[in-house]
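S.K.: Line order of the protein sequences matches chains A and B. Anchor point for the first sequence: position 135 equals 135 in this note's numbering, and the numbering is continuous, going up by one each time. Anchor point for the second sequence: position 178 equals 178 in this note's numbering, and the numbering is continuous, going up by one each time.
Simulated from the structure, these hints should not be mistaken for lab results. By construction, the Cβ of each residue, glycine as well, lies at the ideal position given by its N, Cα and C atoms. Warning: the hint list may mix true and false statements.
[What the hints assert, rightly or not] The following residues of chain B were derived to be distant from chain A, with all beta-carbon distances above 10 Å:
#, residue
1, Met-1
2, Asp-10
3, Phe-42
4, Phe-45
5, Phe-67
6, Gly-89
7, Thr-110
8, Asp-170
9, Gly-179
[Claimed, not checked] Derived, one-sided and incomplete: chain B residues facing chain A with beta-carbon distance under 8 Å:
#, residue
10, Pro-54
11, Tyr-60
12, Ala-68
13, Gly-100
14, Thr-104
15, Asn-108
16, Ser-119
17, Gly-126
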Amino acid sequence: MTMLSTISISADQSRFVAFAGYLAREKGADLLLSSSGYPAKTPSVAGVHPMAELIIEKDTTPDEIKKFCFGTPALTMGFVSYSYGMKLRGVASNKASDFPMGHLKKYEATAEYHPTTNQVVFTSENNPLITELTERLAALSDAAPKMKLHGLPHAPPAASLNHAEYKAGVRETLERIRSGHTYQLNLSTRFTWNCPNLDPLALFFDMRNNHPAPFYAWLNSGSSRILSTSPERFLRVTDGHVLSQPIKGTLKFDKYTPELASLLTESLKESAELSMIVDLIRNDISANCTYGSVFVENHKSVFAVDTLLQMYADVHGDLKKDRDCLDLFFDAFPGGSVTGCPKQNSMSIIEELEPHSRDVYCGSVVVIRDTMNMDSSIAIRTAAYDISTGSLDYWAGSGIVVDSNPASEYQETLAKAEKFLTLGGQ
Amino acid sequence: MDILLIDNNDSFTHNLEHLLAISTKSASIIVESHANLTTLAFSRFDLIVISPGPGAPVEYPGYERIFASGKPVLGICLGMQIMNEYCGGRTGRLQKCMHGKTDTIVFNGTEHIVARYHSLYVTQLGNGLEILAENADFVPMCLGNRSNRWLGYQFHPESFLTPHGGAFIDHALDYLDLG
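This is chain B alone, in the form it adopts within the complex:
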């Protein structure tokens, strides 16, 4: 499998690269900066991953061609919020902004400890997306569109604070029909 990982100037992107490599066992992963997005050729990739990053989706233009390509997309944190805004959803400030702390969420019927790093959250869901997990305060933690093969996690599977991060990559590959 060939994975394109687009880096939104974040300091967690290589953690995500390593997690993807370990979880898929054999994938080849190319990391590209968001700055090169407009000229990126991505037809050869089987999966496009949008990294976390600082700031709001509006500060990261150019993802339209990724979503229009029909390729499976996995978005993490900001990446999920970018996906949501592409679908017409909205992003706003969290009352309790949270960085470097864990939360316990129910995901696929099981409790999971996950790492959270975010000041912003999905305040209005985009068209065609469904909320697949939320936390106790009803903050969306996972959303997706199965037929378009898009999935987003608000939390950080690549953090060392998420004990079973690989399970979320396995789930994503399954959801995106790449398993």
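So that you can see chain A by itself, here it is in the shape it has in the complex:
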């Protein structure tokens, strides 16, 4: 077996982003692009020349996925759809969707940008490829990739749940809360545009320039191009130490001032939303963590992303000796902040109330390094563009609790979709 070689080169973030744009455009690379200045920090990753791929289907077992990820030393990147989570949690669906339940890849070469050291680390078995890539990085300017936006939608989208239907869904959710069948539930709607001339990669980089967030991802899967602009970490495992950072509590603002945070942290409703999901995440990681290792830190912290304030907490734990990061991932998937609580019942109610399939939305974008090291986002603020049909899907939702007001929850959903709803002067 050939050995993996690594080479490190100094470069700042903007140069790496320019390089990532080149790799995605010219070499069909998949990308995880982080940004600095957010509580969730993670290295950015570009993967080129897939040399092994696993498309997750309904019969794919977590063991088969583990074998794919851990069988060879190269890192794995890709996504796991919400629909695979439904299968894992035993929630049946009769909605037709041919979107894959997940798609994971190993690459002939990866380039990772480490923000703390300003180093780009190239890893490959193919030394000439590393040389080619490093020379290309050195030749690039620091400017962000210049890609011309074209083919943006000019007409408003079709919504799977329109204003009235969404509010009716919230009212039905409130009834299910009062009957005790869910304590909190995340209800979403799907927006669909027809834009056959869209350049999705240009849109991805335009979004990132104007609306940075820590877990941007660009992934190629069949005819789908996934544009994830997520601000939320699902699970990170670092040498067996687990960190989850669930987000609950959203406040739209026009002009940011630090005092706004107290509107979230002092709200009983928003606090309850987050606390509930923190208890759920504690539970979900506890299945694979040692007794006494699970604790909560920075409860009700707040950060700004887009024009939204978001509240979050850090939930920590240590993996049990005989467990790996994917045992943890599959037992905790999909993330509790996008299901509701308790998870299985809430997912069944979601399946009943939402007419659309969530596909990649509320799934996860993952980078798996080895059995004890991974990072993953919650695939919210995420779009999927089908290059064969020209259809662009974007989903947005809101956490419903007993104190929720249907009209306010719909406004929150629109706020989370604003950067897509305002594209192209619709």
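Mind docking chain B on chain A? Use the hints.
M.R.: Same frame as chain A, but now just chain B:
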């Protein structure tokens, strides 16, 4: 001590498992799904814990054999309501349904902050049970039968919102004569 923890499809069961493990220090805890209740062999366990969960007691049949076994039983939230209905009590909707918030109750003569997650509550007490704590609105927060060695908490000692959750496990072990 061997503890059987029966999970009613809840998302807090492992929190309870960890709290029981930490509080007892040495207990071995087996978590089983409510779906397997009818075939569960539980004679080897010293304590049976019934987890919280969504919905109403009537949706969780099969607990009769647990209560008839003579084993000490601790019920949390739905688990307490199941215990109460087994004794002929009733459950109804709360006027102010409460999830993920804290309440302050007097328990054993001391004020405690506790986490509440419930839409339903004990509207009529079952035969042989006594109310051991209630909140300011007279919602039962703890009930039990000492001679049968049954105890229930309506609130959630396993939540991170309950600052001293372990104290309620200690109290339960004492009440159930397992201390």
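S.K.: Next step is simple, just say for each hint if it's right about the structure.
M.R.: Consistency of the hints with the structure:
no.	hint	verdict
1	Met-1	holds, 14 Å
2	Asp-10	violated, 5 Å
3	Phe-42	holds, 22 Å
4	Phe-45	holds, 18 Å
5	Phe-67	holds, 22 Å
6	Gly-89	holds, 16 Å
7	Thr-110	holds, 23 Å
8	Asp-170	holds, 16 Å
9	Gly-179	holds, 20 Å
10	Pro-54	holds, 4 Å
11	Tyr-60	violated, 12 Å
12	Ala-68	violated, 26 Å
13	Gly-100	holds, 4 Å
14	Thr-104	violated, 15 Å
15	Asn-108	violated, 24 Å
16	Ser-119	holds, 4 Å
17	Gly-126	violated, 19 Å
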